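UniProt numbering applies: residue 1 is where the sequence shown begins, and numbers increase by one.
Read the hints as simulated data drawn from the structure, not as lab findings.
Note that the coordinates shown come from a computational prediction; the quantities given were computed from them, not determined experimentally.
Some clues are possibly wrong.
As the list claims (entries may be wrong) - Simulated restraints, written as ranges between beta carbons of each label pair: (1) Gln18 to Arg68: 42 to 48 Å; (2) Glu335 to Ala378: 15 to 21 Å; (3) Val440 to Asp96: 25 to 31 Å; (4) Asp91 to Asp489: 39 to 45 Å; (5) Asp489 to Arg364: 27 to 33 Å; (6) Asp413 to Thr13: 55 to 61 Å; (7) Asp96 to Glu38: 22 to 28 Å; (8) Asp91 to Glu384: 27 to 33 Å; (9) Pro466 to Gln417: 25 to 31 Å.
To be verified - Mimicking BS3-like on lysine-lysine, the simulated pairs with C-alpha atoms at most 30 Å apart in a straight line are: (10) Lys250 to Lys471; (11) Lys250 to Lys283; (12) Lys277 to Lys319; (13) Lys283 to Lys447; (14) Lys277 to Lys449; (15) Lys491 to Lys477; (16) Lys250 to Lys449; (17) Lys491 to Lys350; (18) Lys392 to Lys471; (19) Lys99 to Lys47; (20) Lys350 to Lys446; (21) Lys446 to Lys357; (22) Lys477 to Lys119; (23) Lys319 to Lys350; (24) Lys47 to Lys283; (25) Lys392 to Lys446; (26) Lys477 to Lys449.
Even for Gly, the Cβ is constructed at its ideal location relative to N, Cα and C.
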Amino acid sequence: MTLTRDPHQIAETLYHGQFCPMFIDGQDVPAYSGTVIEVTDPASGRKLAEVPRGGARDVDLAVDAARRAFEGVWSTFTPYDRQEVLLRIADVMERDWEKLCVSDTADMGLPLARTLGNKRRVIGMLRFYAGQAVALHGDVIENSISQSMLSFTTREPVGVVGAIIPWNAPTAASIWKIAPALATGCTVVLKPSEDAPLTPLMIARLMQEAGVPDGVVNVVTGTGREAGARLAEHPDVNKVVFTGSTATGKTIARAGVENLKRITLELGGKSPLIICKDADLDKAVPVAAMAVYAHSGQICIAGSRLFVAREIQDEFIEKLTAFARGLKIGHGLDEGTDLGPLINAVQTEKVEGYIAKGKAEGARLVTGGGRPEGQGYAGGNFLEPVIFAGVKDEMTIAQEEIFGPVISVLPFDTMEQVVTRANATPYGLAAGIFTRDLGVAHRTVKKLKAGSVWVNMYHAIDPAVPFGGLKMSGYGKEGGVEHLQAYLDTKAVWIQTE
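Please model the complete structure; the sequences and the hints are all you need to start from.
Structural data, given as structure tokens:
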């Protein structure tokens, strides 16, 4: 996609330190407390904007608005009406896609080429769920009590949905939560990360332009401890859907148990990527590298445990190192950037701590780990992409989710051994394998304990295909028809016909 003008100019037009209010009941509102959060560009440290520091009072107002809309105007919309709204949202977002992507990149650092490249996925998601809106149905079920009794089911929206999203994909994550809710007739209170709240606010206003009634989609900005916690525990929220860390997911699950609300959790991972001895290295190397480096490692499905057949380990590491050293580090809005910044200084220092621990525990640092120097890096949270060799399964860098540009290479000798080791983690979000042997691929896919498994590729996600984790990577699915069931209640109806 070719931009119509310089992305830095677009970003400056969008955000120049101004106040960006919350969006509740169709209105721009400040926080009840009057306090704000400063939003900065992770590539420069420059202030982009200020957003309200919403708290419990603000969440209550948003939930009340969502409840009124659910029981009022939104309940009068037919499936066809909801489909039309979703299609109009897709149209206005497609029209403003350039601005949305520049906003995302400025806010959280992902290179612009990648945010622009998400268009088909995000706009396709809206159009997919628009189609699903008119396909929802109950069933007529033959019962064994009496032929004079008619029994059937209806599918009804659960109600108000609380959606809490991370900072690493604001546009995609917002639509991933909102689209199925609107398709099924639910209303939404969205709480974006305080590190990247700007694009979700823009999306809410575009939805209003597209005809979404006031109160159907609300956005409350603030911290997880304040706004997020209240949304998770709110007694009038019927469902919570969360993407983020496993630790926070546990907290949300505990809060939801108090009033037995429905919960979907997409949490962390420590995903294995297996490179068999017969793999096509010219294809495997760039995929393995970008399975981690695509967002400077800040993706839940990062294939950060790279199991490589011992016979090809040296050659693979040599090619992987050359690829990593050839990546361009820079501002996400700069042309040609491959690796943008980490989200903030705290995360950068956390990743540096893992790098230090890896070296201390005996892993060999092959390349990377330093902070790039020179013009364009001042004030930014940049790290050179890291490759560790000689990594053992019990090392911290092979056990814990780092959320940074760190690849750990672990050699293996047999497929039986590597599958056992790949599964030896509390996580189960994703996995991958490169091999030319279809039989090996099939057998390995069956044995890997992960919600998504990719063969001779990595990181393919489509609106029609379910996505979600196992074990400590969460529960529930997003994507596909299965996704919609979590937003619906089933009601059994009996009618005596005589």
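Results of checking the hints against the structure:
no.: 1; hint: Gln18 to Arg68: 42 to 48 Å; verdict: violated (30 Å)
no.: 2; hint: Glu335 to Ala378: 15 to 21 Å; verdict: holds (20 Å)
no.: 3; hint: Val440 to Asp96: 25 to 31 Å; verdict: violated (46 Å)
no.: 4; hint: Asp91 to Asp489: 39 to 45 Å; verdict: violated (31 Å)
no.: 5; hint: Asp489 to Arg364: 27 to 33 Å; verdict: violated (55 Å)
no.: 6; hint: Asp413 to Thr13: 55 to 61 Å; verdict: holds (57 Å)
no.: 7; hint: Asp96 to Glu38: 22 to 28 Å; verdict: holds (25 Å)
no.: 8; hint: Asp91 to Glu384: 27 to 33 Å; verdict: violated (41 Å)
no.: 9; hint: Pro466 to Gln417: 25 to 31 Å; verdict: holds (30 Å)
no.: 10; hint: Lys250 to Lys471; verdict: holds (12 Å)
no.: 11; hint: Lys250 to Lys283; verdict: violated (38 Å)
no.: 12; hint: Lys277 to Lys319; verdict: holds (15 Å)
no.: 13; hint: Lys283 to Lys447; verdict: holds (24 Å)
no.: 14; hint: Lys277 to Lys449; verdict: holds (22 Å)
no.: 15; hint: Lys491 to Lys477; verdict: holds (22 Å)
no.: 16; hint: Lys250 to Lys449; verdict: holds (20 Å)
no.: 17; hint: Lys491 to Lys350; verdict: violated (48 Å)
no.: 18; hint: Lys392 to Lys471; verdict: holds (22 Å)
no.: 19; hint: Lys99 to Lys47; verdict: holds (18 Å)
no.: 20; hint: Lys350 to Lys446; verdict: violated (35 Å)
no.: 21; hint: Lys446 to Lys357; verdict: violated (34 Å)
no.: 22; hint: Lys477 to Lys119; verdict: holds (22 Å)
no.: 23; hint: Lys319 to Lys350; verdict: holds (28 Å)
no.: 24; hint: Lys47 to Lys283; verdict: violated (40 Å)
no.: 25; hint: Lys392 to Lys446; verdict: holds (25 Å)
no.: 26; hint: Lys477 to Lys449; verdict: holds (15 Å)
Against the hints set out earlier in the document, violations occur for numbers 1, 3, 4, 5, 8, 11, 17, 20, 21 and 24.
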